[in-house]
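Undergrad: Sequence lines, in order, name chains A and B.
Start counting the first sequence at 1; every next residue gets the next number (the numbering used here).
Start counting the second sequence at 1; every next residue gets the next number (the numbering used here).
Just to be clear, a hint being listed does not mean it is correct.
[As the list claims (entries may be wrong)] Lysine-lysine pairs mimicking PhoX-like chemistry, simulated, CA-CA at most 20 Å apart:
| # | chain 1 | residue 1 | chain 2 | residue 2 |
| --- | --- | --- | --- | --- |
| 1 | B | Lys-179 | A | Lys-300 |
| 2 | A | Lys-299 | A | Lys-273 |
| 3 | A | Lys-124 | A | Lys-213 |
| 4 | A | Lys-299 | B | Lys-179 |
| 5 | B | Lys-125 | B | Lys-38 |
| 6 | A | Lys-154 | A | Lys-186 |
By construction, these hints were calculated from the structure, which means they are not laboratory data.
All values reported here derive from a predicted model rather than from experimental measurement.
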Amino acid sequence: MAIITISRQNGSLGDEIAEALASRLGTIVISRKYALDNFFGEINPGTLDRLNESAKFFEMPLPGSNRTYSDILVERIRTLASESKDKDLVILGMGGSVLLSGFPDAIHVRVTASEATRINTIAKKYRITNDEATEVLDIGDRKHKRFVKTVYGKDITSPEQFDLILNTDRLSVDECVDAITELARKHDIRVRLSRSNESSKTIDHQSRNISFKNETEEEFARILNLYNIEWLYEPKTFPVEWDAEGNVTMAISPDFYLPRFNLYLELTTMDQKYVTKKNKKMRLVKELYPGTNIRIVYKKDFNELVDRLKLFGGLTDNS
Amino acid sequence: MANLEEALKIEHVVYSEETIRERVKEIGKQITEDFKGKELVVIGVIKGSLYFLSDLTRAIDLPVKVDMVGFSSIPDTTSKTGIVRITKDIDIDITDKHVLVVEDVIRTGLTTAYIIQNLEMKKPKDITLCTMLLNPDRLLMTIPVKYYGFEINDLWLAGYGLDHDEIGRNLPYIAQIPKRK
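If we strip away everything but chain A, and leave its shape as in the complex, we get (with noise of 0.2 Å):
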């Protein structure tokens, strides 16, 4: 499940890369058309049009209601997002990044382009002159940045509210989507296991910046790489023993996690001492974590894992 921010420049191709993920995700775009169409009710002709054209008007009440048409648009793309559950969710424009900033599933994507670039899609797309282009990408610009300063008070282009930045400059709209589609991907499987520890004792690992701790650990993750296994390392930590006042005296963080396999492996290469205590660490998990599939990858193991892709070069119909 993805829910993706999409923030965009005037003529970056942006709205272009909403549609082609939506239709990618099986889903549709959540845009201001969409918001005005479905989030207010029935908007008379005369506010849809103020609505359109100026952001200030976003800060009027309702008809009737001391509640402001910004008020309704945050709470319905909160709701929407809290609700989306195992659903996919594209939200083009709309400070979404600002928006949704606090929620873990929310992937922000910023889609931006070089002034001649989105000079000439938006000269292209409208058939007018690059003269023309240059004022309607003034005003769009603009629109966008006020739009997101009067109603959350928010620069909506400082970068560091992004998770991803794509410069269309060079890139397709399709090598867009699956760059976002990808990142979707995998962050989707790093909030599903954090969320898992909250349902259990266990405790979030996860790092930014892979650290293996031996050559060992290091070869096993290209074997994995070379069989294409997703992995995450160190993700999580298992307590398995603690103290009278409930502070943790053992744990173990097994290596690999196997997303795809949803599997543990724990490495052990080292001396036999500490093959017991791992092995003892094991069985606990086992008992105190039911479901947890866990694994230790024996120096045996790994040893002859080796060899066999050194004797077959990577080829093994014996591996």
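Dock chain B against the given chain A, drawing on the hints supplied.
TA: Chain B alone, transformed into the frame defined by chain A:
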């Protein structure tokens, strides 16, 4: 020139032709019962499953479709180990079909996991695994092995599809060979 047994330096027979034949018949019968009335595609993994696939499919009394999949490692400048890639993809459309993957031997399950991941992209209804030999003590991956001929340990084996430097696949039985240094 040495004959096949001499070339492989066979230590002893682990599973005879007769034992294999009987076991394949049993597995074939079980698969026939389990997939009765279902559309089944049997996919053998090149090259090890060659003989097992051939015997097994003839022991299944169903109108199955048969295909094969092959993979190989190719060098990759960014890693020491290279990358595994499909070299012979399946030709049959398996979308929404039951798929039975046939292997000669599953040890760690890494190659099987790789094949499953690739086949899953083609959206079959489900994927079931059948292997002639299974080493449960070495199995690392959580993969759905439903049918297997025999459990093995860490012996080095050849015959009935299993090779030693590409030699020995055509040995009609499974034999222990010396571990290579």
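Undergrad: With the threshold set at 20 Å, check whether the alpha-carbon distance from Lys-154 of chain A to Lys-186 of chain A stays at or below it.
TA: violated, 28 Å
Undergrad: Keeping to a limit of 20 Å between CA atoms, is the pair of Lys-299 of chain A and Lys-179 of chain B held or broken?
TA: Since the Cα atoms of Lys-299 of chain A and Lys-179 of chain B sit roughly 17 Å apart, the hinted pair holds (cutoff 20 Å).
Undergrad: Could you grab the alpha-carbon distance between Lys-179 of chain B and Lys-300 of chain A and see if it respects the 20 Å cut-off?
TA: holds, 14 Å
Undergrad: Would the hint linking Lys-299 of chain A and Lys-273 of chain A be met if the CA-CA limit is 20 Å?
TA: Given pair Lys-299 of chain A, Lys-273 of chain A holds - Cα atoms ~13 Å apart, limit 20 Å.
Undergrad: Lys-125 of chain B and Lys-38 of chain B were given as a pair; does the straight-line alpha-carbon distance stay at or below 20 Å?
TA: Between Lys-125 of chain B and Lys-38 of chain B the Cα gap is close to 11 Å, so the pair holds against 20 Å.
Undergrad: Mind checking the alpha carbons of Lys-124 of chain A and Lys-213 of chain A for me, to see if they're no more than 20 Å apart?
TA: violated, 54 Å
Checked against the numbered hints listed earlier, the structure breaks hints 3 and 6; every other hint is satisfied.
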